[in-house]
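S.K.: Sequence:
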Amino acid sequence: MKNMEVITGTASNLVAGVVGYVFQKIRRNFSYVCRYRRMVSGFEKKVEMLKDKRDIVLLDVDAARKNDENISPEVNSWLAKADKMIDLELKEVKGLEDEAKNKCFIGLCPNFKARYQLSKKAEEDAGAVDELLQQGGFDKVSYRDVPQPVVVVPPKDFDDFDSRKLVFNKIMEAVKDPNLNIIGVYGMPGVGKTTLVKEVIRQVKEDKLFDSVVMAVVTHTPDIKKIQDQIADTLGLTFKEQSMSGRASRLCQRLKKEKKIFVVLDDIWAKLDLMEVGIPFGDEHQGCTMLLTSRDLNVLSKDMDAKMRYSIGVLEHEEAWEFFKKIAGDGVESSDLLPIATEVAKKCGGLPIAIRTLATSLRNEPPFVWEDALRQLNRPSSSNFIEVSAAAYSSIEWSYDRLQSEEYKQIFLLCSLMGHNISFEVLLVCAMGLGLFRGVNTVEETRNRLLTVPCQLLPTTCLF
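When we follow UniProt numbering, the leftmost residue of the sequence shown carries the number 1, and every step to the right adds one.
In case anyone wonders, no lab produced these hints; they're calculated from the structure. Be aware that one or more of the hints could be misleading.
FRET-style restraints, in silico, Cβ to Cβ [unchecked claim]: (1) N378 / R438: 46 to 52 Å; (2) C430 / A128: 53 to 59 Å; (3) N364 / N169: 33 to 39 Å; (4) N448 / D336: 35 to 41 Å; (5) D305 / N441: 49 to 55 Å; (6) H317 / Q203: 25 to 31 Å; (7) S249 / K302: 25 to 31 Å; (8) N441 / K225: 50 to 56 Å; (9) V443 / E124: 52 to 58 Å; (10) S249 / C430: 31 to 37 Å; (11) Y143 / E206: 24 to 30 Å.
Dumping the calculated BS3-like pairs for lysine-lysine here, alpha-carbon to alpha-carbon at most 30 Å [stated by the list, open to error]: (12) K140 / K176; (13) K257 / K140; (14) K208 / K140; (15) K225 / K140; (16) K326 / K205; (17) K84 / K51; (18) K271 / K259; (19) K256 / K205; (20) K176 / K256; (21) K259 / K208; (22) K208 / K170.
Cβ coordinates follow ideal geometry from the N, Cα and C atoms, glycine included.
Construct the complete structure from the given sequences, taking the supplied hints into account.
M.R.: What follows is the structure, encoded as structure tokens:
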């Protein structure tokens with residue numbers, strides 16, 4: 001009897017549970033039929049919100065593309081899902097809504113099935129829209145490619161200089177030495193220090209000696225922020241910090257992530273605080289090797305504590321003459337020109353920049369132009385520069401005086417002030433801002449005029 005009561009009670013509970021579940025399901029399904037208009041209205045409002053969100057993201061995407069940035073895969077995926085929801089799903093809901101408006105039984109009864117399907121679809125899609133709205137809160141929609149260090153390939157004549165090969169090989173040996181973290185190269189202006197270190201960079205990259213290679217130009221007026229930016233751009237690093245110390249800390253952390261990194265700092269004039277820049281070295285980062293260039297040996301040895309220092313001097317007589325002939329052309333060896341050409345070449349003092357400048361100016365010129373050039377080069381120079389020989393200065397001064405227009409002279413002087421690392425775009429902005437070209441009023445006109453400037457005036461060839 002007792003067992004019978006237990007069985008009966010259990011059965012009653014089961015029946016009650018099943019009935020309750022069925023009732024709730026019927027009630028919920030019935031609510032879909034009754035509230036289909038509210039469900040559709042709610043879905044449509046959320047779709048409008050999604051449209052607004054998509055338009056905002058598209059504005060950011062458009063701005064990023066104009067800035068030559070890559071759109072993140074998750075952003076592209078989100079936009080595809082948003083488009084599908086807005087176009088296809090909305091169209092499907094609208095189709096069900098039209099179907100729900102049609103009555104069955106010859107217009108005598110509402111189409112409950114269509115209303116149920118419509119309401120159910122609207123609820124499900126509204127939930128999907130909510131999820132998309134949440135996912136669409138992007139902090140950033142794009143990213144930049146990590147730029148590879150741009151290394152200008154040195155002129156082919158670099159390999160022909162035995163004196164340069166010797167220094168180059170010694171530097172490469174030092175770069176491979178794990179016990180050396182600061183290496184220095186010094187020499188007078190225009191002797192080819194930058195060309196040499198760019199060849200070292202090319203070889204380092206070819207041999208895959210380091211995980212990353214970065215280069216920054218320091219100049220006689222060091223701008224810490226600019227130096228940081230040059231290094232950061234190569235690494236694909238963007239600074240959010242405003243203070244110099246904050247930027248330095250951020251750069252230091254990023255450099256430490258590279259197991260082996262080669263840092264080249266070109267044209268150092270005085271002591272540079274590497275920690276202020278954010279370059280870890282020594283015990284801070286034993287995988288960091290630095291190559292520094294300077295005009296002054298004392299800067300490298302005393303101020304920067306370079307353990308190994310290599311001097312790069314002017315070209316030997318034979319090297320200088322071969323270099324001069326290569327640029328000036330085979331005509332210099334003709335019987336009527338050879339005696340004059342050899343004397344003109346000597347006036348360059350073995351300085352590569354002077355040789356290139358003078359030989360380029362005299363290339364394919366008749367003998368009387370060469371004779372006049374030699375006469376002017378023989379005049380006493382008014383230069384009092386300690387670092388540049390009088391002969392080298394005279395050759396560059398003669399090339400400057402011979403420029404065909406005042407505009408070219410102004411560009412030459414601007415390049416010499418800005419340094420050999422000045423980009424074409426910066427030169428364009430400066431030339432336009434200073435009004436160096438007459439009769440031009442737009443950026444495009446200035447660009448076209450600047451492109452007509454002789455190639456020997458470009459920063460990579462005409463400056464100290």
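S.K.: The structure should be examined with respect to each hint, and the outcome stated for every one.
M.R.: Hint check:
no.	hint	verdict
1	N378 / R438: 46 to 52 Å	35 Å, violated
2	C430 / A128: 53 to 59 Å	55 Å, holds
3	N364 / N169: 33 to 39 Å	36 Å, holds
4	N448 / D336: 35 to 41 Å	40 Å, holds
5	D305 / N441: 49 to 55 Å	52 Å, holds
6	H317 / Q203: 25 to 31 Å	28 Å, holds
7	S249 / K302: 25 to 31 Å	27 Å, holds
8	N441 / K225: 50 to 56 Å	32 Å, violated
9	V443 / E124: 52 to 58 Å	54 Å, holds
10	S249 / C430: 31 to 37 Å	33 Å, holds
11	Y143 / E206: 24 to 30 Å	28 Å, holds
12	K140 / K176	40 Å, violated
13	K257 / K140	23 Å, holds
14	K208 / K140	33 Å, violated
15	K225 / K140	24 Å, holds
16	K326 / K205	28 Å, holds
17	K84 / K51	11 Å, holds
18	K271 / K259	26 Å, holds
19	K256 / K205	19 Å, holds
20	K176 / K256	19 Å, holds
21	K259 / K208	13 Å, holds
22	K208 / K170	18 Å, holds
Checked against the numbered hints listed earlier, the structure breaks hints 1, 8, 12, 14; every other hint is satisfied.
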